[in-house]
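Add chain Z to chain C, keeping to what the hints say.
Protein chains: 2
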Amino acid sequence: MVLRLQTLSRSFRRMKYLTQTEAQNLDKDLMGEEGGFTLQQLMELAGLACAQTVQNLYPAHTHNKVLVAAGSGNQGGDGLVAARHLALFGYKPTLFYPKPSKNEFNQQLETQLKHFNVPRITPEEFDKGVASNDVILDAIFGFSFKGEPRAPFDAPIETLKQTNKPIVSVDIPSAWDVEKGNIDNKSFTPAALISLTAPKLGVKQFTGVHYLGGRFVPPYIAEKYALHLPVYPGGDQVVEIPPTSL
Amino acid sequence: MVLRLQTLSRSFRRMKYLTQTEAQNLDKDLMGEEGGFTLQQLMELAGLACAQTVQNLYPAHTHNKVLVAAGSGNQGGDGLVAARHLALFGYKPTLFYPKPSKNEFNQQLETQLKHFNVPRITPEEFDKGVASNDVILDAIFGFSFKGEPRAPFDAPIETLKQTNKPIVSVDIPSAWDVEKGNIDNKSFTPAALISLTAPKLGVKQFTGVHYLGGRFVPPYIAEKYALHLPVYPGGDQVVEIPPTSL
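Line by line, the protein sequences give chains C and Z.
Numbering-wise, full-length UniProt numbering puts 153 at position 153 of the first sequence, and it's gapless, one number per residue.
Numbering-wise, full-length UniProt numbering puts 135 at position 135 of the second sequence, and it's gapless, one number per residue.
Hints are not guaranteed to be accurate.
No copy labels: a pair is met if it fits in one copy or bridges any two.
Stated by the list, open to error - In silico BS3-like cross-links for lysine-lysine, where the CA-CA straight-line distance does not exceed 30 Å:
{"#": "1", "residue 1": "K16", "residue 2": "K128"}
{"#": "2", "residue 1": "K114", "residue 2": "K224"}
{"#": "3", "residue 1": "K28", "residue 2": "K102"}
{"#": "4", "residue 1": "K92", "residue 2": "K16"}
{"#": "5", "residue 1": "K92", "residue 2": "K224"}
{"#": "6", "residue 1": "K28", "residue 2": "K128"}
{"#": "7", "residue 1": "K224", "residue 2": "K65"}
{"#": "8", "residue 1": "K204", "residue 2": "K102"}
{"#": "9", "residue 1": "K180", "residue 2": "K165"}
{"#": "10", "residue 1": "K204", "residue 2": "K114"}
{"#": "11", "residue 1": "K161", "residue 2": "K65"}
Worth flagging that the hints you see were computed from the coordinates, not collected in a lab.
Note that this is a predicted model, so its numbers are computed, not measured.
Pulled out of the complex, with its shape left as it was, chain C reads as follows (with noise of 0.2 Å):
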């Protein structure tokens, strides 16, 4: 049993932190004519990955209020797919999606959404919408982000930075440098995070809850980029990273 743990926490501590540029080729090799992917499929799965992190640490019976705060990259996408799945879970999802993507498959995320009667706050209804739920679901700003937060969501960021309530960040916590993290504490820090395919350099500090979502990658794209993934449970779409492995 001690073996294996320490094999376990091993196998964690070699995983792979991605830089900027690794995330976004990784990306696009899967997507690319070879790896085949479609970002609808790795959108829904993505989402579902969020879903369930946000199910596993704050269960509907606790938590029904969820405020699923959503930029207008794909990890807004992410975003509006977790909300929908959070309302099949059981939740009662409020959603932050204030620059609306104009592509079409975004829109048609929303329409999804809409069936679900998941209501939408504005900016102003911010600070209100962060106070009347039980946990944020932060899926503002992805691995592409770069320098500084700007309107409508500077405002946010501080207003995460004050709050209590915990807040699980999807991927890289919005407003921190993918590489660096947290530079001088300008963003908040999150209670928990899910990476999706693997953790991003700027996480490496993290140390709060911390799980992997994004079981989708195949094992010439696990190899090219040495990413030593763990072993998901069961039929999970999501791993809790152990904290040895920080």
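Relative to chain C, chain Z alone:
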């Protein structure tokens, strides 16, 4: 507790069994302008549900080799997706997909599978394939099937009638009448069934293990078709339907 169980079994008993036309219309509703879902999303979730059913019933450590038999329609697509998830779950799937769809997305599903090193067998190898695998996932014909099975699927159906290997059928066992079931025992009876969105009329007398998947139905569609869907546990994509409801 007794009350809870009674309520539960009552809610299952009232579950709707769909006619062929209802199943087709429900699919159109989901993917129409109002529903907003795409085939790629629904297929990914359906295939994942199929893989999780196999995983729940025949774990990889006892039933490592799964023969996935896929037709050329959408149910075949579910099978291709399931084969990929099974590989990710640690199974060694083999694919029987003798009439590959020319649809671009189905071809992408094939590309995705190749990277998981999933071998394929021809109709001539089907008998051997059944004999050398531990469990068969039957995704040959779906809810649009009518008439009689034709080559290259007719002989495989006969083989499946003879085998004592466990078969898990998707939605409706292949070559069953979607509304009348296994007329004159022309086809095989699987050990287990994974119905998608809601069970079809033809499986109302099915007494094997019965799962439900397709956890994506919005409330207005569940209401329109009076589905009375059961409650899925936690973040699972499948729920077992107790025999009392059959």
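Results of checking the hints against the structure:
no.: 1; hint: K16 - K128; in the structure: neither (39 Å within a copy, 41 Å between copies)
no.: 2; hint: K114 - K224; in the structure: between (40 Å within a copy, 16 Å between copies)
no.: 3; hint: K28 - K102; in the structure: both (21 Å within a copy, 24 Å between copies)
no.: 4; hint: K92 - K16; in the structure: between (35 Å within a copy, 26 Å between copies)
no.: 5; hint: K92 - K224; in the structure: between (40 Å within a copy, 22 Å between copies)
no.: 6; hint: K28 - K128; in the structure: neither (38 Å within a copy, 39 Å between copies)
no.: 7; hint: K224 - K65; in the structure: between (40 Å within a copy, 27 Å between copies)
no.: 8; hint: K204 - K102; in the structure: neither (34 Å within a copy, 44 Å between copies)
no.: 9; hint: K180 - K165; in the structure: within (25 Å within a copy, 54 Å between copies)
no.: 10; hint: K204 - K114; in the structure: neither (37 Å within a copy, 33 Å between copies)
no.: 11; hint: K161 - K65; in the structure: within (19 Å within a copy, 50 Å between copies)
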